[in-house]
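S.K.: Residue strings, one per chain:
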Amino acid sequence: MNIEFQQRLSNDLPFVTSRREMLARCGMGLGMLGLAGLFADEAQANTISAEPLAPRPPQFAAKAQRVVHLFMNGGPSHVDTFDYKPALAKHHGQPVPAGNLRTERLTGGLMKSPFPFRQHGESGLWVSDLFEKTARHIDDIAVIRSMHAEVPNHEPSLMLMNCGHGRLPRPSFGSWVTYGLGTSNQNLPGFVVMCPGGYPIVATRNWRSSFLPGAFQGTYLDTKKTDPAELIANLRNGTLPLEDQRRQLDLVLAFNRKHAADRNVDPQLESRIESFELAYRMQSEAQEVFDVTREPKHVQEQYGSGTHGRQLLMTRRLLERGVRFVQVWSGAGQPWDNHNDIEQNHRNLAGEWDQPIAAFLDDLKQRGLLDSTLVLWGGEFGRTPVAERPALNGRDHNHYGFTCWLAGGGIRGGYAHGATDEFGFEAVENHVSVHDLHATMLHQLGFDHEKLTYRYAGRDFRLTDVEGKVVREVLS
Amino acid sequence: MRGGLFCVFVFAFAGELRAEPPNPQDVEFFEKRIRPVLVENCYVCHSGQAREIKGAFRLDSREAIRQGGETGPAIVPGKPRESLLLEALRHESFEMPPDKQLPKNVIDDFEHWIARGAVDPRDQPDAAASESDPFAVGKNHWSFQPVREAVPPDVQQTQRVRTPVDRFLLQKLEAAKFSYAPEASRRVLIRRATFDLLGLPPTPEEIEQFLTDESPTAYEKLIDRLLASPHYGERWARHWLDVARYADNKGYVFFEEKNYPWAWTYRDYVVRAFNEDRPYDRFVTEQLAADRLDLGEDKRPLAAMGFLTLGGHFMNNTHDIIDDRIDVVTRGLLGLTVTCARCHDHKYDPVSQKEYYGLYGVFRGSVDPLLPPEFLPAPESEAYRSFETGLRERLEKLQAFIGDQREKIIRNAQTRAGEYLLAVHRKRNQPNTEEFMLLTDTDDLHPAIIHRWETVVKRSKRESDPVWSAWHAFAALSDHEFVQQAGEVHRQLIDPASSVKVNAVVREAFRERVPTSMKDVADVYGELFKNVREHWIELATLNKNAVDYSRLPDDAEEAVRQQLYGPDSAPMIPRELSWGFLDLLPDRPTQGEFTKLLKEVETWSMNQPGAPPRAMVLQNAETPYQPVVFVRGNPHREGESVTKGFLSVLTKQPIRFESGSGREELAAAIVAKENPLTARVFVNRVWGWHFGRGLVATPSDFGLRGDPPTHPDLLDWLARDFMNHGWSIKHLHRQIVLSGAYRQASDRDDADRVATIDPKNQLLGKFPRSRLDFESTRDAILAASGDLNRTIGGPPVELISSYQPRRTLYVFIDRMDLPGLMRSFDYPDPAATSPEREQTTIVPQALFFMNDQFTLTCARKLLERNDLPSQESAAERIVKIYTILFGRVPDSEEVDRAIAFLNAEAEETESLALSRAWQYGYGSIDDSTQRVGTFTPLTHWTGLRWQGGPALPDPNLGWVFVDKRGGHPAATLERCVIRRWIAPEDGTYIVTGELIHVPEPGDGVRGRLVSSAAGLLGEWTVDQSKAVLPELEVSLQKGDTLDFVVDFRETILHDEHEWPVTIRQGDSDREWNSERDFRGHSSDRWTELVHALMMTNEFVFID
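From first to last, the protein sequence lines are chains R and W. The numbering used here numbers the first residue of the first sequence as 72 and each following residue consecutively. The numbering used here numbers the first residue of the second sequence as 3 and each following residue consecutively.
By construction, these hints were calculated from the structure, which means they are not laboratory data. Every value quoted in this text rests on a predicted model; they were computed, and no experiment measured them. Do not rely on the hints blindly, as some may be mistaken.
[What the hints assert, rightly or not] Derived pair list, reagent style DSS-like, types lysine-lysine, alpha-carbon separation capped at 27 Å:
{"no.": "1", "chain 1": "R", "residue 1": "K436", "chain 2": "R", "residue 2": "K134"}
{"no.": "2", "chain 1": "R", "residue 1": "K522", "chain 2": "W", "residue 2": "K882"}
{"no.": "3", "chain 1": "W", "residue 1": "K532", "chain 2": "W", "residue 2": "K503"}
{"no.": "4", "chain 1": "W", "residue 1": "K966", "chain 2": "R", "residue 2": "K296"}
{"no.": "5", "chain 1": "R", "residue 1": "K296", "chain 2": "W", "residue 2": "K1028"}
Using the sequences and the hints, build the whole thing.
M.R.: This is the structure in structure tokens:
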């Protein structure tokens, strides 16, 4: 681990004045000692303490404390959603004057958007009717229209967006954030990933912790399942009712106390004892938090009855309870990958998302959570302004230019950053790379992206590899 | 800011003469403790090798270090307090080094050194450091120095010395004024050693035998027995597999077979190597170059090369695959982070980028065969013969296809050369499209061939090849000035007196053509290539029978022909086409054909009865690869040529690899006894696997940023002793495991005092308590259950999602989707070689112990062990359970507590009582009686549902299952699925509910409600629909049943359904709800007790 980071961690734990006080404040039991001890002493070690998820302050005052990533996997079309290109209608069917850029498949002439665009909010930013409800919040949103990635293939682009490198095994964004900040509710996982119906392409690699300790990996929930107890592995004992399990754990505790009393004080023993108490509480709390039927009916109705409504309502419940990073996927595979019939397919997909996103942003705002929650919407890349051959009713992958948007967490609302060319093929103004996006988001979380590092295989690795600059214009 | 301090750090000359020759001990002290610190921390700014000597102050010779400036002498020998150097090191006035203070013990060394007279043998400025070689400082790093002949020192507490290891450890402990903890009890020792060496708990019988063995060598005998156990290899192979980033598949790949069907042959090889005590040098050599060794009859070591080949496939990026191989070899075997030098010279260690590409050449010149070879003697069986015949047919088809495709690609690359050249020209400033997984039409230019032509064109520019001089001359013109300037270029080109060397045939081709664009230039080249090719073919046809047919007679024309047929030419793609071949087939139909044919070979050789296992070897390519540096690691920017060879910092004389790929020579260089790293790195790993922490705490990084050894002499002694004993790993174990250090207790009475002196236990004043890793945890639970399958070796099995009694070593390791549970228990990500395991404590681990079906099942099975007769008294049973789980008997307090738990008033909770009314099973309805004829309970509980066995469908019962909402029947009326409710007392009961069927296609299901008292009460059919049951009132006597029976109707598609029901007792508030009351095994107190004991710290921590 980066020495500076460690020193910061030890320096910035001023509240750790005494063992007793620390235990009281963190409610963590003796196990926390491992952490404090580690960060104070183990200048060179890669080992994370016995309590890797304990909360930690960032490097500097942060605007955002948590992240929600709405991942439109498959690649949503920017020219049909947030990047209005009137020239497409004008030149519909015609070839691109400069020739098509090389994409994954063979493409033909320009294709106009089948969806009308309108201006919204005081800012008057253009949004297509696909996201007309989301657009109610446009004055809280910074649209980045000049995103670009490296290649027009899903796998490397997913890896880049999630882990900061297209091919090589690196920890995911959520893992880095959890590593940097820990999490403030030990009864729930710190980094939660929801994807209904199975995994996206490249599966669990999207939320892996790679060379960071396993504690920082994302916890996957198949949100197609509606039974809260089935969402996390081993969350329920199929045999013992809770009250009986408590009795059983009391017995374990008694044996463990005796075992510890016969030995020198050993933080390892203490933190394992504590982990069972946390686990016992997580059983109830996690089931409770996933159970959206506990919400008032009118709230459930706002979010809608679909899967994404349920996912986002769960997300809000998780955020309220201190979960650090939630990633919400569109679905298994690559739903937004509409090479064919983009009109119908995008209409269906956006139809499933629009209302839940609008309700989610409303809800966060009402609860005063939006200011401290960084919301990212986007895919791994965008889609071509030209139609894909031979059907000519869908769009190919486009990594040269695409759109993401950010909201909350100190982001400048009602602002559009950067631009693509007149057709939306390539970013041409104020380019924002995926590394820049990551650097910007880490900045809002209180980290200098060059200093959130982890020593591994002789190098101090970071999420942004050797690149990335903070896009200051999108910050409020 | 701090940099400014350098400027004032100037010392006055402290002219001091040395009267007597220095005492050798003081010289040694300087060499060991002072010089390395100066070299590592100071020379970068204060020596002859510094780019700019800061403060004009040097520390690299005796004279220099005693020179000073106006601030006074840097060192006053014998007077530490007056020595400014010491003040600076302590950051009292100046702060040196500026970025961080040196550790206190190092500063103490300086004080000691100055106090003893500051003996300094450096008459000349340090040679290494004064060279201009930027690696000079790094070369002085401790780990690159030869392994020394350390002599075990004398110590006071000789009674604690069991092996020479102890002398080194005790020396430091004694210096710190304490010693080992007391010797651990025998009970602790056998548990510790058995888990450590076998990864399994000792059996109660083994413990008993060891405790009662009165011979003075009882412990030695124990260790001998453990080292001779075949399970020793399983345990220690797993450590090595972490280093080898073992997995059973490739990670994400696009088209090809994702699994490594024979990765397990490597795993089994490693198990065998440890069990047979394969000398480590041989072990390493086999893993790198078994294909080059004379193996004799026994070809099994071929499987060793899985070490190289079973890494991730990085979407088939050749360079990443090679990088991963370099990484596993260098970090894994040498403890050096060589892959840092992929893009630039290593920032910290003396490893240059050229050296990286020297190793790259070794692996680029080695290929993975499409079908790995067999390694067992061919059996004389009919099954094998018919397998072989079938394989031959399929291989021939595949090879014919590859041959055809290769011909086609070559012809295309030769005859369309003009088009390719134009494409190369046009993409000069474009991104590298061939890194995409592009799809093309069959008549498109071939992206991989564009790239090959590009390489040729670039190389020709570097080498000023006369064939290409015309091309480069025109290519230098910009598009808009092309027409104006082409005339002048052309004039020079056809002028024989011009200084530019131009191939005569090329010159002729241009003579009558003044190009107006690069397209014209490309056309001229294209035509020329076409003509030369035709000429060559014509000649070849004429000379079909001639013996000497190897070149065109005209030298200039031959030089052009070499562009089409030469070994490095763009068209001549290699013949060995393994996983890289797909890059050459960019259109979907051809890819499809290739994958189909390959799949036929693979499936046949994986699944056919009689198919033998195969060894995942590498083989040398037909032509060795000549490496060049990739500038900034970018394979599209080729830099200077390099020679294949070994890392210079590890050898006295440069070692070049000249035979084939050079893998054999690489292996030899790694295991050479003079290599300062190989033995040190391995003994350190073994030490770490025994003690939880290596003498060097960064086991895969012995470079400048790694941790220095806590006991350098011990490390060197172990390394030498290891090599001197034939690289025997078992010998090494004995030196460690038989030591007094290993045999001490993990607690001591004066623990608090010792903790203040040595808080991290680096001096090993107690044995470090450790928690079982994932494999040992799971294996220990299985062993306790009595159900552990001790079979050694074989193909991998799935054991996370279902109950499987094999050792955890045999789990199928999915590189793409490593089970979250395993990562939760700190199982390393097999994406790359793993230096060591973390040890974290997180909630999912506890949830596994508390709730996973595996733990619950094993707790139940333990109670079924035959050595646990149920008729014994509760106390006797508890004693027996303790010996099984913990290897000890419980004290009376523990027994009492356990009995109290068992006897606690069965607080039969209401919810439990309700759930006891339900049973889940299958059976049929007897049409004649209209009653349920048979009812058989389902016995397998998955944690979520009841079913026939671990797998669904079950071999006998098919899809039958019951979950809390509903279930699924089998495809026969004999096995309808039945949810049964038993009336707890006489009375009237009211039944409500709804039967729901959702999925299509199929014809839905039929549900029947049958009472044992009154027969059929109702029948409903649903097909993507819902039937609401009418409220039914039935009178039942205690023990009567209500059966909710579902069958498949007529088609067997999608018969999953839901049937939630409630049953209300007519005259009370009691209500049964099928969903709420649904449970798995009903628990019993004994199972809960055993389960609780399995959860304790005592079960998973080893003292």
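S.K.: Does each hint hold? Answer for all of them.
M.R.: Going through the hints against the structure:
1. Of the pairs offered as hints, the one joining R/K436 and R/K134 holds, with about 15 Å between alpha carbons and a cut-off of 27 Å not exceeded.
2. Between R/K522 and W/K882, the direct Cα distance comes to roughly 55 Å. Violation of the 27 Å bound is thereby established for this hinted pair.
3. Of the pairs offered as hints, the one joining W/K532 and W/K503 holds, with about 23 Å between alpha carbons and a cut-off of 27 Å not exceeded.
4. Of the pairs offered as hints, the one joining W/K966 and R/K296 holds, with about 14 Å between alpha carbons and a cut-off of 27 Å not exceeded.
5. Distance hint between R/K296 and W/K1028 is fulfilled; the C-alpha atoms sit about 20 Å from each other, no more than 27 Å.
The structure shown violates just one earlier hint, number 2.
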